[in-house]
Amino acid sequence: MLSIKTHNPRALITAPKIHTDLLWDLSLMFVGLALLYFLFIFYFRNKISSKTKKVAQKKKDLSPIISEFLFFEEESSKDEKTNYIQLKIEIRQFLKDVFNRRILSEVLLDLSIDVSGSTQKSLFKLYKELDLHKDAYTKLESWRWEIVSKGILELTQMQVSESYGFIIKRINDKRGTIRKQAEIATVTLKHEGISYFLDTTRYKISEWQQLKILEVLRNKKDFNPPKFKQWLTSNNKHVVLFSLRLIKHYNQNDAELSIIELVKHKNTQIKQEAILCIKEFGFMRATDTLKLIFWNCSTDIKITILSALSEIGTEEDLPFLNQIENKERNFYVKSKALSTINSIAPETIMPTKEIEKNIAHNTPKDIVIPEEEKLIIAEKPEEIIIKNTENPKESIEKVEDLKTNDSIHELRQEELAMAINATDKDFLETDISESLGFLPIVTSKENENMITQDSKPEVKPEEIIVNFQKVVPSNITNIHVEYSIVEPNNKNEISALNLDFLPIVTTNVIEKKTVEINPLDLQVIGEEISIKKKETLNVDFLPVIYDMINVTEEPESIINIDNSKIENINTIFEEISISNETITEAENTILDINKLLSNEDEITINTNVEEEFFIPKAVFCDKRELEMLSLLEDLNELGDVREIPLLEEYLLKEKEGIVRDRIIELLEKFYKELPTKKEIKMDDVTTETSILEELFTNADTESKLILLNEIVAVSDKKEVKLLMNLVEDDDERVREKAKKCLKQLKDQIESENIIPDDSFEPIPLEYAFLEDYKAELQKNNINPSKISNLDIEEVSTVTKEPSFLEQFYSFSSKLFDKF
Amino acid sequence: MKKKILLADDDELLISLLQFRLKKEGHEVTFVSNGKEVKEYLNNTIPDVIVSDIMMPYFSGIELVGFVRNELKLTIPIIIISSAGNEENVLSAFELGANDFISKPFSPTELLLRITKELNK
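As given, the protein sequences belong to chains Z and V, one line each in that order.
If you want the numbering used here, it's the position in the first sequence, counting the first as 1, plus 126.
If you want the numbering used here, it's the position in the second sequence, counting the first as 1, plus 53.
No lab work stands behind these hints, which were simulated from the structure alone.
One should not assume that every hint holds.
[Said to hold, decoys possible] Quick partial rundown of chain V residues pointing at chain Z, CB under 10 Å, derived from the structure:
hint : residue
1    : L66
2    : L70
3    : L149
4    : G150
5    : N152
6    : F159
Using N, Cα and C, we set each Cβ at its ideal position, and we do this for glycine too.
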């Protein structure tokens with residue numbers, strides 16, 4: 127046999143040529159390293175254990191000393207006191223060593239966890255007395271995060287509230303452990319810590335951290351939580367989330383609108399928390415917002431919304447829930463919607479799955495099942511039945527939805543359509559019956575009452591009697607329909623299908639009934655109305671309006687009337703009988719038109735009106751007049767009393783016309799804005815010094831009271847400052863008296879400063895033109911109350927109410943608007 | 054009146070503190086730091102009251118109650134010290150026959166009052 131060698135087997139097992147001594151050396155080296163390693167471990171283990179023993183021993187030694195300090199009482203015996211002092215000296219010596227200080231700190235920290243009450247307080251006191259908190263402060267300065275964190279923990283645990291200022295700086299430390307420790311410390315050390323923390327934190331607040339902070343707050347004694355709603359607007363979403371949780375925890379339900387708004391937040395957690403708050407507090411106002419956001423939410427949020435709706439929802443929300451049940455594809459959401467419906471309206475949704483349909487088919491013949499139950503069993507469809515469906519269109523949608531893919535957009539459109547057409551029930555019913563409402567009902571004599579929704583009546587064709595009646599399609603509104611109540615033999619069957627909307631067509635002789643006339647079928651006769659031209663607006667038919675006039679008082683200038691209080695004027699309406707019949711008729715016609723305008727539902731137009739009535743004449747202005755009017759409008763809007771000279775100038779130029787009227791109007795307006803009284807400037811008064819001040823400075827309370835009794839009689843504005851100081855006096859009696867005196871003095875000064883009507887007061891230069899204005903009015907024979915040449919009765923008034931002129935303006939403008 | 058109190062807890066600092074407090078009131082206090090020592094002590098001596106932590110090495114507070122009530126057939130008062138949030142174990146201890154419990158952190162004065170109350174029953 128021929129054997130072929132394809133490789134050399136020796137080549138694979140050839141050992142490298144290493145000197146044996148080298149191998150021995152390497153072995154020795156590794157053994158040496160191993161020994162060194164074990165020695166190293168052994169050494170450090172011993173060191174650590176000895177240290178632990180030492181610490182334990184120290185702690186053991188320290189514990190009775192600490193106990194002595196903690197339970198020392200002032201009422202102790204002399205020996206105990208001596209012992210206590212001796213211990214204090216010892217411990218001072220003991221604490222000179224840093225290690226001992228550390229041990230003592232540890233002991234106190236351990237004990238602080240296990241003890242409470244007065245012992246704990248004594249412990250905190252001892253910690254501070256021994257200046258151990260200073261070591262913790264030193265730790266805060268370390269560059270190592272674990273030491274800083276330990277320092278913060280120590281200060282927090284030992285309730286060193288003085289460290290609050292040092293710790294709050296680390297709330298936004300970039301190192302997470304320090305930051306979190308600082309957050310806890312801030313909240314723990316002071317009541318206002320939570321507010322500071324929520325105000326300043328820029329980092330995420332983890333769920334665990336939130337729980338820890340909440341735990342700290344819960345364990346705080348006499349803690350009055352702040353209004354957490356103030357942080358709902360924070361830029362830090364974690365703060366908002368935490369605030370919502372705190373709001374819920376502390377039952378602060380005074381932030382309804384903010385919480386409802388947060389339902390629209392982009393952050394899912396905030397959204398969810400806001401919904402939970404809504405549910406917790408029962409904010410019924412939130413239902414619309416919840417429904418609005420529902421379709422764009424995730425499954426979890428949808429379930430939360432439905433859960434909230436089950437608490438706050440009403441029967442008005444049932445259509446929305448029915449829609450969810452129909453449209454939603456997610457099983458959980460769908461189920462939740464059903465349970466929500468049942469929460470709002472119990473037992474609206476009945477169990478349908480795996481319910482036997484024909485439970486009666488094996489029932490013995492001698493057992494009688496009530497007809498009602500039979501019907502329900504027969505009619506139960508595959509799908510879930512929603513009873514009390516307010517809107518029949520929903521059932522149509524339900525069928526259509528099986529065919530078409532729906533989208534959120536469609537849903538909203540349908541929701542909108544539902545809302546609009548909710549009341550249009552007749553239309554929808556017609557839709558259900560496939561718009562065959564006009565057809566006659568076909569009935570059989572023997573089996574009239576067997577009408578069900580699903581099954582057609584089993585009637586033989588030869589037994590059917592059909593009664594047709596002539597229908598004139600051209601005038602459908604004139605169909606005479608007789609409605610009669612049909613009492614079926616089986617009420618239950620009829621109740622299952624509501625066919626009340628269908629007319630019953632019978633062969634009986636039809637009584638002619640007058641159908642109400644459709645307003646749309648009314649004949650409208652259009653006729654021309656002739657309008658008589660008139661130069662001026664005749665308003666004689668208007669009632670004369672008087673202000674309530676106090677006859678005994680001097681009439682005040684029309685300039686002083688306050689325009690803003692026209693509604694407060696008591697008016698007397700007086701009819702003037704005018705012999706002119708045409709005007710009376712015109713008045714009646716106008717009143718009719720006004721009535722028609724105000725009551726559109728009852729339109730009964732008398733088309734035979736041929737009488738003339740008056741409407742205002744159109745005013746056509748030339749270009750210059752238009753410009754002037756535009757300028758005057760600007761002055762009206764932007765100007766003040768400083769425009770009076772300019773207006774006066776224009777008044778002199780304009781001899782007649784609408785521009786002149788407008789100028790007068792504006793002048794009247796600005797003239798009213800002029801001040802009539804000197805206002806008392808208390809600031810000016812108080813700068814002066816009273817001579818009585820020194821007396822009051824050195825006087826006792828009784829003397830002050832006596833002086834105050836007399837001060838009003840002798841004082842002037844200089845004493846105001848003094849009295850103001852006395853209002854803040856230490857003694858309550860002086861304060862009260864000073865307040866009264868100050869009030870009296872102020873009244874006195876004010877009364878002195880009022881310009882008497884008849885007193886002469888030099889007119890300031892800037893208002894000097896007003897005199898010219900009055901003269902100009904007189905010269906041109908213009909009566910301000912007769913502007914626009916309207917014949918109205920002149921009225922003067924002493925009240926500060928708007929003038930008759932102004933009332934007339936407003937009334938006439940309203941009247942023109944009506945026209 | 055001097056009473057024998059057994060303190061069983063592995064926290065020597067706390068035990069030391071309680072011992073000091075109780076001794077100050079005139080009681081004779083023995084403390085043990087684990088379950089084995091408790092058993093040994095109880096086999097030799099019967100205290101007037103036992104104060105035991107619920108969590109101890111070798112032998113828990115619940116087992117201690119069971120041991121005292123079921124094996125030693127003693128009716129001496131047993132007060133259980135538990136940590137906060139350990140209420141379920143406390144219920145178990147009560148079921149086995151513990152007389153009272155106190156939750157950490159507690160005031161030594163309060164424990165003293167409870168001990169006194171149990172001793173006076």
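Against the structure, the hints:
no.	hint	in the structure
1	L66	holds, 5 Å
2	L70	holds, 5 Å
3	L149	violated, 24 Å
4	G150	violated, 25 Å
5	N152	violated, 21 Å
6	F159	holds, 6 Å
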